[in-house]
Structures are given as C-alpha cells and as structure tokens.
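Kindly produce the complete structure, drawing on both the sequences and the hints.
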Amino acid sequence: MAARIPAEERLTNLVVALMATEIGLTKQQILDNVSGYRQRADAGTRSDALEKMFERDKEELRALGVPIETIGDAADPNDLREARYRIPQAEYDLPSDIEFTAAELAVLRLAGSVWSAESASGDAQSGVRKIRALGIDGDEPIIGFAPRITARDAAFAPLQEAIEKSRVVGFDYLKPGEDAPRRRTVRPLALVDYEARWHVFGIDVDVEEERMFLLSRIVDDVKVSSATFDASLRDGAGERALQGLAMVAEKNAALLEVTPGTEAALRLGRRATPAAQGITVPFVDLHILADEIASYGPEVRVVEPAPLRDAVIARLRAVVDAHQTQEGER
Amino acid sequence: MMAQPKPLLAADRVRLYLTLVPYLLEHGEVSLAEAAEEFGVTPREMRGMVEKLTVIGLPGESGYWQQPQEMFDINWDLLDEQDVIEITNDVALRRVPRFTAREAAALLAGLQMVAAVPAVSDSGLVAGLISKLSRGAADAPADVVVAPSAVDAVREVVARGVQEGRAISFTYQAPDAEPTTRTVDPVQILITNAQWYLQGWCHLRQAMRTFHLDRVSEPKLTDIPITHAGDVVPEAFAGLDDEREVTVRLPERLAPLLRGFFTADASELINGTVTTRLHLADPRGVKRLAARFGGAMEVLHPSIARSATREWAASGLALYHRPATGEEL
Numbered sequence: 001m002a003a004r005i006p007a008e009e010r011l012t013n014l015v016v017a018l019m020a021t022e023i024g025l026t027k028q029q030i031l032d033n034v035s036g037y038r039q040r041a042d043a044g045t046r047s048d049a050l051e052k053m054f055e056r057d058k059e060e061l062r063a064l065g066v067p068i069e070t071i072g073d074a075a076d077p078n079d080l081r082e083a084r085y086r087i088p089q090a091e092y093d094l095p096s097d098i099e100f101t102a103a104e105l106a107v108l109r110l111a112g113s114v115w116s117a118e119s120a121s122g123d124a125q126s127g128v129r130k131i132r133a134l135g136i137d138g139d140e141p142i143i144g145f146a147p148r149i150t151a152r153d154a155a156f157a158p159l160q161e162a163i164e165k166s167r168v169v170g171f172d173y174l175k176p177g178e179d180a181p182r183r184r185t186v187r188p189l190a191l192v193d194y195e196a197r198w199h200v201f202g203i204d205v206d207v208e209e210e211r212m213f214l215l216s217r218i219v220d221d222v223k224v225s226s227a228t229f230d231a232s233l234r235d236g237a238g239e240r241a242l243q244g245l246a247m248v249a250e251k252n253a254a255l256l257e258v259t260p261g262t263e264a265a266l267r268l269g270r271r272a273t274p275a276a277q278g279i280t281v282p283f284v285d286l287h288i289l290a291d292e293i294a295s296y297g298p299e300v301r302v303v304e305p306a307p308l309r310d311a312v313i314a315r316l317r318a319v320v321d322a323h324q325t326q327e328g329e330r
Numbered sequence: 001m002m003a004q005p006k007p008l009l010a011a012d013r014v015r016l017y018l019t020l021v022p023y024l025l026e027h028g029e030v031s032l033a034e035a036a037e038e039f040g041v042t043p044r045e046m047r048g049m050v051e052k053l054t055v056i057g058l059p060g061e062s063g064y065w066q067q068p069q070e071m072f073d074i075n076w077d078l079l080d081e082q083d084v085i086e087i088t089n090d091v092a093l094r095r096v097p098r099f100t101a102r103e104a105a106a107l108l109a110g111l112q113m114v115a116a117v118p119a120v121s122d123s124g125l126v127a128g129l130i131s132k133l134s135r136g137a138a139d140a141p142a143d144v145v146v147a148p149s150a151v152d153a154v155r156e157v158v159a160r161g162v163q164e165g166r167a168i169s170f171t172y173q174a175p176d177a178e179p180t181t182r183t184v185d186p187v188q189i190l191i192t193n194a195q196w197y198l199q200g201w202c203h204l205r206q207a208m209r210t211f212h213l214d215r216v217s218e219p220k221l222t223d224i225p226i227t228h229a230g231d232v233v234p235e236a237f238a239g240l241d242d243e244r245e246v247t248v249r250l251p252e253r254l255a256p257l258l259r260g261f262f263t264a265d266a267s268e269l270i271n272g273t274v275t276t277r278l279h280l281a282d283p284r285g286v287k288r289l290a291a292r293f294g295g296a297m298e299v300l301h302p303s304i305a306r307s308a309t310r311e312w313a314a315s316g317l318a319l320y321h322r323p324a325t326g327e328e329l
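Chains A and B supply the protein sequences, listed in that same order. Everything in the first sequence is counted per the numbering used here, starting at 1 for the first residue and increasing by one. Everything in the second sequence is counted per the numbering used here, starting at 1 for the first residue and increasing by one.
Calculated from the structure, these hints are not laboratory results. Note that the structure is predicted; figures quoted are calculated from it, not measured. Glycine included, every Cβ here is placed at the ideal spot set by N, Cα and C. Honestly, I wouldn't trust all of these hints.
[What the hints assert, rightly or not] Calculated lysine-lysine pairs in the BS3-like style (CA-CA distance at most 27 Å, straight line): (1) B:K52 / A:K58; (2) A:K27 / B:K220; (3) A:K52 / A:K27; (4) A:K52 / B:K52; (5) A:K223 / A:K165; (6) A:K223 / A:K175; (7) A:K165 / A:K58; (8) A:K52 / A:K165.
[As the list claims (entries may be wrong)] Pairwise CB distance ranges (calculated): (9) A:E140 / B:R94: 27 to 33 Å; (10) B:S267 / A:P305: 36 to 42 Å; (11) B:E268 / A:E69: 54 to 60 Å; (12) A:R182 / B:S31: 55 to 61 Å; (13) B:D83 / A:T70: 26 to 32 Å.
Structural data, given as structure tokens:
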C-alpha cells in the first residue's frame, strides 16, 4: 500500500500543477502525475474513483476562490473527454495595481475584528492576512474602539450561499400574531443588518415583489433549491434594501407620550422628533417596537397608531397574567 | 490575532498555504512563533505545515519522481536549530491570491460597521477600500450590508476622549436611579447590538465600569490625563460582586435573546422550556427585560422580582384605561 497522502497535500499539489501549465493538463495527466493522485493510481485505485475525487477537489478549490479554467474541444465544447485544466495566473493573483497603505490596513484590521465567533470571523481574518502578506510596514492598530457584529441566526449561512450562487430558496416564515408559519419562496439578493437584526432582502416569488424578511422569524431550515435566477438582480441590492427600510421608517411614525427623566425618555428620545403632544418615533417593524415599548412599562404611552397600541396592551396584559400568583408555580 | 486556534480542515490548510508562501517569500526569515500567531495556529502546527511544504511541487513526468528544483524547499538547519522559517526554493504560489467572495463580504460588512467610528470616518479611507476589496475578489461577494448608525454629540465627545486620552465627565442616568455625575478615564468604546457603550475607570466607583451612551448627557472633555488606560477592559456585561440572582423561565427558542445581555448560568431544559438564573444588581430590574418578552418569560424568584414585574406591567396597562370610567380606550 502506498503511504496515504493527506488531502491538503494533494489539493496544494494540484494548484501548483495547474498554475505551472500554460496549455493546461488533461485529467489523465493529472491523475498519472500529480502527487496525491498518482500514488493512489499506482496502488490500484480505480480510475472512476480517482476521477470523482478530482471533480470534488476542483469544487473545493473553486470554493476557496481558485479559478480553474476548463479548455474544451473547440469543435465540440460539450465534449470534456480531452478537456484541459489550468489556473490562469491573471485571474488567480490579487491584481498588482491594488495596493494598501499602512493606514488602510489599520482600518481593515478593525473591520476584520468586528465578527465574533462565526465563520465570517475566520473569513475576515483570512482576508486581512492576504493583505498583510503583501508586506506593509508601520501597521499601527486603531485602539479604543471595539465594534461587534454577530450573525447567530442559523439561516444566515445558507442564505449567503444562495445569494452567491443566485439560487432560489424556500423557508417557513412565522409573523408575530399569526398562528402558523407560511411557506415563502424567495430570490435572495442581500443580507441586511438593521438595528442589530439580520434581514434577507429578496424577491418573493409568489407576488413577484421585493420583500424584507427577518431571519429570526424563519422557523425551519432554509432550503436552497437548484433553481437559479439572473445574477444581475443582485446589482445594487444592498443599497435598494437600505433605501427601502428608510422609506418604511419615514412612513411609519408612532406618537408617544413619555415621562421625562425616565429610561424611556432617554432611549426613545435619541431617535424621536418633538410633536405637539409627545414625541414621534419612526419605526420599521411594529412588533419589534412594541416589544421595546412594553419594556418601559408605565414610562411611555402609545397614542397612535392603534395597532401599535393594541400590540403593547396585549404584551403588558400577558406579562400581568403570567405573574398573577405570588409564587412562581402554576 | 485569533483567540483560540481551532483544528484545521484540509480546505483551511490549503487556504493557509496559498497565503503562507507569499507571506514567507515577502518577509524572508520569519520566526515560527511569529508565523503561527499571524496565521492563528499553534507553533507546532505551523512547523508541521512548513515541513509538509517540502513535499509540494510540480507534477512528475510520466512515472518519474520530481527533480529537487521542482519541489519547495526550506532551510532545515535554520528551522531545527533556531525555529526560524525560510523558503529556499519555490515553484509556484508566489503571489497573494484574490479574496474569496466570503472574505470580501466579511470585510466589506466590517467596513460599514466601523465607518461610524470617528477614527475611521476621519481617515476618509472607507470608500477606496470598498472599491479595492470588490475589485480584488475572485467572485462577486454577496451583498452583506450594515445600516449606518448616526454619531451624535455624546458619541463624538466620548470618542475624542478615547482618542486623546483625556478623562470625560458627564451626567449618567441609570434606569430606576437618581442621575449621578461621573468622571471616567475612557478605555474603549464598545459598539454592539447597535448600541454604544463606554468602558472605563469610574472615579466615583473607583473601578472599571460600562456605561450605555444613550444614558449619558452633558458630556465634557476634561483636561485630566487618564491614568487607567492600561487596565483590563471588563467583560461588557459581566456581573459585579454585589449582584443577586433572579430565576426566570422561558421557551428554549427565545433563550438566545438573553445571551450577550446578562450572564446566565445553571440553565435547565425541560420539555422545550429553559429555567435559568440571571445576575442583576437589583432583582427588581428584571421587570424591564420580562416586559420586553411580553409574557413569554416568567420571573420565578425572588418574589420581590416577580411582584415588581407584575406591578410594572400593570401600571403600564393602567395608562390605557380611562380613569373616570375604567373603560379601556
């Protein structure tokens, strides 16, 4: 038996081999000669198993951002039997005209530090490392600021993947006040962090309109389908999503009366404008604002809109009901 | 740079090699410790990876083994005797690769997040960096956008105190407490959950404290140079010695909402319901949190916290009754 070659060794050898060739290597040349495949071939591994391994390796490398070009038969592009594979250096290399100053690196290091334990943290660090590998002197970190983003929603990762691949997704979505979740089919275009909550912005396929969904209201796994959509729909989607939110906030205004000097007056006052009777607070989601207003108890009263007032009353009544008895036993 | 090195998957190692080689070629001789720290792995792991580099090379020619000059090589003596890495022969991977779509997306979102930090917005570098990251990505990154947050006068003054190393004085209005005047040596501004917090040495309490900037008013930059800048920043919402326990019960699916706001321990899960203990300076303070959950979270003990919660919600509810008739509006 040949010594077992670890996957990373085979994959890295494959990158080196595909980079070193101008005209490309055929699959057979790769399986016969690249270290990691050739030992398996020598040990008698069947060629169809090796070919499958090569297909998986190609996918793995592409996921790492390594561009693998397939040069087919010019007469018949669908005939891949004699196809050649190569990594075009110009598409692999970070373009040489992209340079970073020490001050830019300092900003990027801070930007890379904002993610907590999620996989995005590893991605950000890996990106910063690539810039540091360019060799930049005088890299003074920005201290005294610790911005943090979290993306704990289970739906985040599959939605990001679906956006990258322009794939349609399906998920069950439960709106507050509704008894059962409803199935949504969406072309996801952008992920949006608004007031510390993640939303997915996309086209609701059933109504063919752009919609925003809160990730925390997705109640099961996001299913990424094989159906794709036109990637150009993604162009400028993040910007459109932010504009949409701003428009909603402008349209929705709550008229509130607050007791001066209280937590409610401080916190709500930061984002309010004075009104004839109380203050006006813009909002995007009625239920999220109702949660916050309920937390202030008697410090704030909703004057209008009525649905917000009803939502706050329902919450406060539920709190009273849940704590009716003296002891915490039911 | 990374807190806890995690075991690497094969793909992680490949990604690491693709950046490690140009990094080593650019820097010449690099100590094992420095390279390990840079790549977030243990020195032992880094040594293993560098040794493995010498079996990477160009493919052999129809059954023949590769020539030495077709393989990566390192200065073995330098590594064995001085724990220093040096590549002595390289065959490819000389240039830094493009960013993956994920790397670009993570950094682009981070940039939008830090754009509000005065030290960053003053630099005027963000727009240029966004374009460089986008152009340097191998594939179009998914749009991951962070809505901008406004920097008001309070945030401005506190940020200047941090940057200039000067103490700040301000009025602090904690919930359910009389306002106090504080003088604080600013150490760090923490921005999380879209809220800004000042962490620093409080002259009044003679200890490190965390202040929510929404509760700060009349901030003034003093001429007092700070003396506690080097102190360890407290865990943002760490408990204080004099805190007391409050036992609460809530559905398991809502439990993650408590994380990050309170230190919770000894959680017990029965039939999808979590019973857990929160630590608060004043147990009655749980009323605000409980009301936010709209009845889905039940305060169990102590009874003073339970009754405070009930009364809090009941007096809120009373605002919606017409006093004369008792009729609900």
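### Task
Against the earlier hints, flag every one the structure doesn't satisfy and list their numbers going up.
2 and 13
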